[in-house]
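*Asks:* Heads up: the sequence lines are chains A and R, in that order.
Per the numbering used here, the first sequence runs over residues 18 to 367.
Per the numbering used here, the second sequence runs over residues 125 to 216.
You may find that some hints are simply not true.
Unchecked claim - Here are the simulated DMTMM-like cross-link-like pairs (lysine to aspartate or glutamate), alpha carbons at most 20 Å apart as the crow flies:
| hint | chain 1 | residue 1 | chain 2 | residue 2 |
| --- | --- | --- | --- | --- |
| 1 | A | K102 | R | D142 |
| 2 | A | K206 | A | D196 |
| 3 | A | K102 | A | E122 |
| 4 | A | K28 | R | D142 |
| 5 | A | K208 | A | E278 |
| 6 | A | K49 | R | E174 |
| 7 | A | K208 | A | D165 |
| 8 | A | K49 | A | E97 |
| 9 | A | K208 | A | E249 |
| 10 | A | K49 | R | D151 |
| 11 | A | K49 | R | D142 |
| 12 | A | K102 | A | E148 |
| 13 | A | K265 | A | D222 |
| 14 | A | K265 | A | E243 |
| 15 | A | K102 | R | E166 |
| 16 | A | K265 | A | D284 |
| 17 | A | K265 | A | E148 |
| 18 | A | K265 | A | D196 |
Unchecked claim - To be clear about the criterion: a stretch of chain A counts as covered by chain R if any three or more of its residues have a C-beta under 8 Å from a C-beta of chain R, and this derived list gives those stretches:
| hint | region |
| --- | --- |
| 19 | 47-58 |
| 20 | 61-72 |
| 21 | 276-288 |
To be verified - Here are a few chain A residues that sit away from chain R, every Cβ distance over 10 Å (derived from the structure):
| hint | residue |
| --- | --- |
| 22 | S35 |
| 23 | K102 |
| 24 | L103 |
| 25 | G156 |
| 26 | P166 |
| 27 | H207 |
Just so you know, these hints were derived from the structure itself, not from any lab.
We put the CB at the ideal spot given by N, CA and C, even for glycine.
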Amino acid sequence: MSTLAIVGTVKGGFLLRSDDRRHWDVEGPLFKGWKVTAAERTAAGDYLVATASDVYGPSLHRSRDLSQWQQVEGSPAYAEGSDRKLNQVWRLFTAGDTFYAGVDEAGLFRSVDGGETWQPVTALNDHRTREAWFPGAGGLCAHGLLVDPQNPQRIWCGISAVGVFRSDDGGDTWHAKNDGVQVIIEDEKHKDIGFCVHGLVADPDDANRIWRQDHTGMYRTYDGGEQWERIESGLSSRFGFPIAIDPKTLALFAVPLESDEYRSPVDGSLAVYRSTDHGDSWQRTQEGLPQQHFYAGVLRAALATDAQDPCGVYFGTTSGTVHVSANAGESWDTLPVTLPRVLSVSVFDE
Amino acid sequence: MPRVTIQLPSVLTAIVGDIREVVVEGDSVSGCLEALFVVHPELRLHVFDESGSFRQHVLCFHNDTNTRWTDGMQQETQDGDVITLMQAVSGG
Numbered sequence: 018m019s020t021l022a023i024v025g026t027v028k029g030g031f032l033l034r035s036d037d038r039r040h041w042d043v044e045g046p047l048f049k050g051w052k053v054t055a056a057e058r059t060a061a062g063d064y065l066v067a068t069a070s071d072v073y074g075p076s077l078h079r080s081r082d083l084s085q086w087q088q089v090e091g092s093p094a095y096a097e098g099s100d101r102k103l104n105q106v107w108r109l110f111t112a113g114d115t116f117y118a119g120v121d122e123a124g125l126f127r128s129v130d131g132g133e134t135w136q137p138v139t140a141l142n143d144h145r146t147r148e149a150w151f152p153g154a155g156g157l158c159a160h161g162l163l164v165d166p167q168n169p170q171r172i173w174c175g176i177s178a179v180g181v182f183r184s185d186d187g188g189d190t191w192h193a194k195n196d197g198v199q200v201i202i203e204d205e206k207h208k209d210i211g212f213c214v215h216g217l218v219a220d221p222d223d224a225n226r227i228w229r230q231d232h233t234g235m236y237r238t239y240d241g242g243e244q245w246e247r248i249e250s251g252l253s254s255r256f257g258f259p260i261a262i263d264p265k266t267l268a269l270f271a272v273p274l275e276s277d278e279y280r281s282p283v284d285g286s287l288a289v290y291r292s293t294d295h296g297d298s299w300q301r302t303q304e305g306l307p308q309q310h311f312y313a314g315v316l317r318a319a320l321a322t323d324a325q326d327p328c329g330v331y332f333g334t335t336s337g338t339v340h341v342s343a344n345a346g347e348s349w350d351t352l353p354v355t356l357p358r359v360l361s362v363s364v365f366d367e
Numbered sequence: 125m126p127r128v129t130i131q132l133p134s135v136l137t138a139i140v141g142d143i144r145e146v147v148v149e150g151d152s153v154s155g156c157l158e159a160l161f162v163v164h165p166e167l168r169l170h171v172f173d174e175s176g177s178f179r180q181h182v183l184c185f186h187n188d189t190n191t192r193w194t195d196g197m198q199q200e201t202q203d204g205d206v207i208t209l210m211q212a213v214s215g216g
């Protein structure tokens, strides 16, 4: 089996390919000069990549061969005349034949035609609490997306500085699900928002089991978000952005950073923390990672896993380094590249 | 109808197959841009924002004149005119 990693940076995308997850060929940049913020593969085998530019805005591009790309004419967009601006697609998520895109300014879009056209999920985008949604340091972004594989009517969406919302009816209604999570920006009127989710993953066989890297710490829920509990035993810091899961063993991976003030590895020592007991405890993995003078962060979309055995774990940093573990975090390789600031890492088994 | 050349910034050329210039027919700046969007509809969202105005950092020159300094989009065009779309560069 070969592995493809699409590494999105602020100045283009890079393709990393390997047959053994040890030796990598690097191609790129794709979309030179554009931010590459997310990537996903359709059920038909096409790749969708989200790009953005501070000057020219965001769009989606489609390719079958990762060589010839065509911009999707019906890319997610707020209606002309809207007072909202679509600045960036933060996340592409496929659930069967349905695609979801989480965007900044915060909103959710859905495609039922393989990503050709997109419709806003208005019940979330115009939620009764919308008047109190305010951007965090990373913007006002909807980025955390989960769909119950057994019941696609159940959808979770995480929005930074707002919280996690769940729909049980295919997106027609949404309810904030943050009980047990420490509030970070309490609103005077809407007490059910003000929670700053950074990353979400779920058990692929039981969507009620969700893990959450939040601004205020690490949490889990076993009831779909009705109640969250802290799970931080062993972590070097409760702050961080991404969280990833091995879909086979359910091992969890996170990259703690030193507080929201500093946002860099604790003591300049880069480490990935792994939990093999569903978050009850966390163990540090560091073999092969820089252990001193490393002060780059890892952004929310820049950590990914594959579905191989043992699980591959991949992440890129804000200083453009890329790190790969072919053995579920036991040891790490640092790839011989220095890319621009890494925004996203998406991994596909081929 | 006047034939007008529209020059694209290099970052946008990748979107339309590495084409740097497009010749269109139109009797105003607005008409020429609309003609451009007929040929390359994917460019519209990169030039205009949700308000229908130029994106904040996109400049549009009609020959040597910044259209923001004049009556801009309604300015009449002549055969051989050049419209240049470019990125506003500021800071360093």
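*Asks:* A separate judgement is required for each hint: does it hold in the structure or not?
*Replies:* Hints, verified against the model:
no., hint, in the structure
1, K102/A x D142/R, "28 Å, violated"
2, K206/A x D196/A, "17 Å, holds"
3, K102/A x E122/A, "6 Å, holds"
4, K28/A x D142/R, "18 Å, holds"
5, K208/A x E278/A, "25 Å, violated"
6, K49/A x E174/R, "25 Å, violated"
7, K208/A x D165/A, "27 Å, violated"
8, K49/A x E97/A, "28 Å, violated"
9, K208/A x E249/A, "25 Å, violated"
10, K49/A x D151/R, "34 Å, violated"
11, K49/A x D142/R, "12 Å, holds"
12, K102/A x E148/A, "15 Å, holds"
13, K265/A x D222/A, "10 Å, holds"
14, K265/A x E243/A, "25 Å, violated"
15, K102/A x E166/R, "18 Å, holds"
16, K265/A x D284/A, "32 Å, violated"
17, K265/A x E148/A, "41 Å, violated"
18, K265/A x D196/A, "29 Å, violated"
19, 47-58, "holds (count 4)"
20, 61-72, "holds (count 3)"
21, 276-288, "violated (count 0)"
22, S35, "27 Å, holds"
23, K102, "6 Å, violated"
24, L103, "7 Å, violated"
25, G156, "16 Å, holds"
26, P166, "33 Å, holds"
27, H207, "25 Å, holds"
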